[in-house]
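Asker: Letter by letter, the chains look like this.
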Amino acid sequence: MALPAAVLHDLERIVGKGQVIADPLDLRIFERDASITGALPDAIVLPATHDEAQQVVKLAARHGLPVVPRGAGTGLSGGAVTLHGGIALQLSRMRRVIKIDPEEKTALVQPGVVNSDLQHAASHHGLFYAPDPSSQKACTIGGNVAENSGGPHCLYYGVTTNHVLGVRAIFADGSSAWLGGDSLHQPGYDLLGVLVGSEGTLAVITEVKLRLVSIPEHIVTLMAAFPTIETASHAVSDVIGHGIVPAALEMMDQVTIGAVEAHYKAGYPTEAGAVLLVEMDGLRESCTELTGTVRSLLEQNEATGLREAADAAERELLWAGRKGAIGALGRIRPNYYLHDGVVPRSRLPGVLRSVSEIGEHYQLPVANVFHAGDGNLHPNILFDLRDKGVLEQVEEAGEEMLRAVVEAGGTLSGEHGIGIEKNSFMPWIYSPDDLAAMRQVKEVFDSAGLLNPGKIFPDPDREPRLLARAGLCAEARWW
Amino acid sequence: MAVDIRDPKTFQGPDAPSDDDLATCVHCGLCLNACPTFRVTGLETESPRGRIYLMTQWQRGELPYSEDLARHIDLCLGCRTCEAVCPSGVPYGRIIEHGRAELERIRRPNPKSMVVKQALRQLLGHPRRLRLAGGVTRLAQRLRLTGIVGPGRQLPSLAKAWRPPPGNVAPAIGERRYRVAFLNGCVMPIFYPHAHDASVRLLQLAGCEVWFPPGQRCCGALHAHNGDLEGARELRGHNAAAFGLESFDYLVVNSAGCGSHLKDFYANLGARVRDLSEFLLEAGLPPPEQPVNVRVTYQDACHLAHAQRIRKQPRELLQALPGIELVEMENPDICCGSAGIYNAVQPEMSQRILAEKLDDLLSRNPQVVVTGNPGCQMQIEAGLRERGRGDVRVQHLAELLVAAYPKVS
Ligand SMILES: Cc1cc2nc3c(=O)[nH]c(=O)nc-3n(C[C@H](O)[C@H](O)[C@H](O)COP(=O)(O)OP(=O)(O)OC[C@H]3O[C@@H](n4cnc5c(N)ncnc54)[C@H](O)[C@@H]3O)c2cc1C
Ligand code: SF4
Ligand code: SF4
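Protein chains in written order, with my numbering: chain A, 1 to 479; chain B, 1 to 409.
Just so you know, the hints here were simulated from the structure itself, not pulled from any lab data. Hints are supplied without guarantee of correctness; some may be wrong.
Derived DEER-like restraints, expressed as beta-carbon distance ranges [unchecked claim]:
#	chain 1	residue 1	chain 2	residue 2	range
1	A	Glu392	B	Arg364	52 to 60 Å
2	B	Ala271	A	Gly350	44 to 52 Å
3	A	Leu306	B	Glu316	41 to 49 Å
4	A	Arg439	B	Glu62	31 to 39 Å
5	B	Glu316	A	Thr293	36 to 44 Å
6	B	Glu316	A	Gln363	48 to 56 Å
7	B	Glu62	A	Gly126	47 to 55 Å
The structure presented is a predicted model; accordingly, all values stated were derived computationally and were not measured. Glycine is no exception: its CB is placed at the ideal position from the N, C-alpha and C atoms.
Let's have the full structure, built from the sequences with the hints guiding it.
Answerer: So this is what it looks like as structure tokens:
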């Protein structure tokens, strides 16, 4: 639906010329994020400041227009997709690291700051920001907070919510407040906790205060090859079972290793059934001792070709491969569909077996690359959208995989959020009462339902199937 | 919406990007923050992912051709930073050059595009004409006429144009270890003759007999970059013959854009092409004879860092100079906005990108900025001049390296 010229004009008055986009061609380019869904926004608006963003939200509230915050659009659950049209509030112009306080070890940033740009800025002070999603070279802090993102190093350091001290939020009616403060412990209701991970449905975040940590004195990165994904899973259980929590513990299967090696040439053994990346950090002595224990545990589980990164450059390369893995899968098929269900670690081998059987049943290649230490799976179903009818198959396969996860006592998403991809599965894990309680929270923050509508909660009026739901897919267009 | 909607199925010229190339993009977005035009605009439409999506839709008949569509493709620098960071192996350089070719085919010729195409074809392809144009510019600069016309401000002040030595061969200094061919190029001899002198001297010092194939012409990089694939093909045929006349070990190129084009497009020569820095590091220079006491920062030319993945070699060569202090920018490998003739056809975006580059660069307080491509050199020099910081020199890598060998320079 095209917005009335008067509204566009008012928007432009707020954010300036050229910062409101309503040309149908341009809108098409904004219809997607990194998931397989998409829907057209009515306008893209790019505020440069908190005040501008606030005025835009106020104006939208007056006109009853949906507002969907958008960072870099690397989300994997359709979070930034404007399912009900309205305004996509693109926050990429607000990309300033406002302040780094090396004494307090905190950073104050705008929401459009790219995760790795913050890492860079913090590194000048011997500090780093621990949550490191694999998409960190592109994704924004705003998106990270909204999705409560994780990353390889969150096994030890904790996910985003453990590092957010405060946010400046704009609510659906255009009012605004600072939530949280200088420390992780705040008296009163933990409203900050409610906002982190709310997927843009409760507030637009315009400033974030984050906790930074010191770069550890010593880091050891180990790569180990295993004959099968099963032996690798046992190794993971063994390490954790010994009470060891490495800084990171990541797994890749053979399909992934091949694709990654083709681009990064990181020296992953392409003949291995699975590879584990294990990182230990801390004081030099304790780190060395821990590495010894981990090495022997891995070896007891048939690990071969144990390799320790010799220097920072080699470590970076090993990680670059892991972090680029999902993108690298494009070398096998041009499209991927992935879920990020979490299972109890002991159930990893069984669920991985089911995942592979489902893939075989649908004759779709599946690549596994995931945060093994947390039991956070990422089965990537690979396909080529140009194959007729493939999307239905992919969606069915994905749903079956997620069901296997839930049946094993797991949950729907570890870090990518629910968005529009998994909202119809929410009743699998929540009772109607649970969901009603959550809905009440949404009502308190956004009674008119204008902030990122259609996300998280199942919508009984809509098809449960993604394909039929997202406007884009309903037309079964190519994209 | 946009004007000039034509048959949506127009995306089918002989040089159109292939569907398979386009389909390699998985829409992950990991390239966004690497893209200079995305960084300054924050817009998906000015990002690699957006441009690929747009071309895909266009190619598949989902989006009609329009001026607006063309604008997004025009605004791409062709710097290929996205290609270097893309884990999925999207051949973006090829996609954009073919996308441009397709645009040129469809688009109603407009005065600007005609001028560009003709300038490239009539001038760059012909060393003598270009030298003449250089001579006229030099005269104009002497008479202080260039400040009056806009683009003239971009140009460095010109010295006498470089020419290959008589006999088209320069002997090795010391033992002859290689015979290398040298790409005279079109822009370098006129704008940066000293860089050519320095490059040749360094090659001689590294034990090379340097051969300058007579009859060689522009390599065609700028033509291809601007969608004139046909013009590029023609030059390619011509040069293949010129370089085929005698034997040599390597073809050494001291301009990033040309090196990358030669490597990618010249079927028989490509494998023997080396960037000057790549070659010098491999072949080895004699020990430096005197210190070079300057504080330098190194600007990665896009067609070195991204297209040829050459980052370490120039830095290692610099660091081997006694007395040098190399200070890195925050983002040394982000485009300066020069991008072939981009700065002339997209001045506004080019200036925005340049402004960020200059901020980054000046914050390091260098005495010299080193780069390996004439376009970058020109762009940064012009930017520094405009900011009143002409005191910061911009030099080709070769010019700085050769300063360590006073006896021959
Ligand atoms: C290759 C690849 C690898 C990935 N790896 C990981 C990983 O390891 N771990 C992980 O957790 N995720 C991962 N992701 C998913 C994704 O990168 C994260 O969810 C990321 O946090 C999204 O950030 P973004 O800036 O792209 O947000 P977007 O996709 O633009 O938006 C995501 C959600 O956040 C909301 N939002 C964005 N900005 C704001 C704001 N300022 N205020 C309020 N709401 C906002 C949007 O409305 C939307 O609901 C990966 C994605 C890809 C493509
Ligand atoms: S070009 Fe590469 S990095 Fe960019 S979105 Fe496409 S696949 Fe991802
Ligand atoms: S070539 Fe450069 S300007 Fe063009 S999309 Fe890629 S990174 Fe952006």
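Asker: Going through the earlier hints one by one, which of them does the structure break, listed in rising order?
Answerer: The structure breaks only hint 3.
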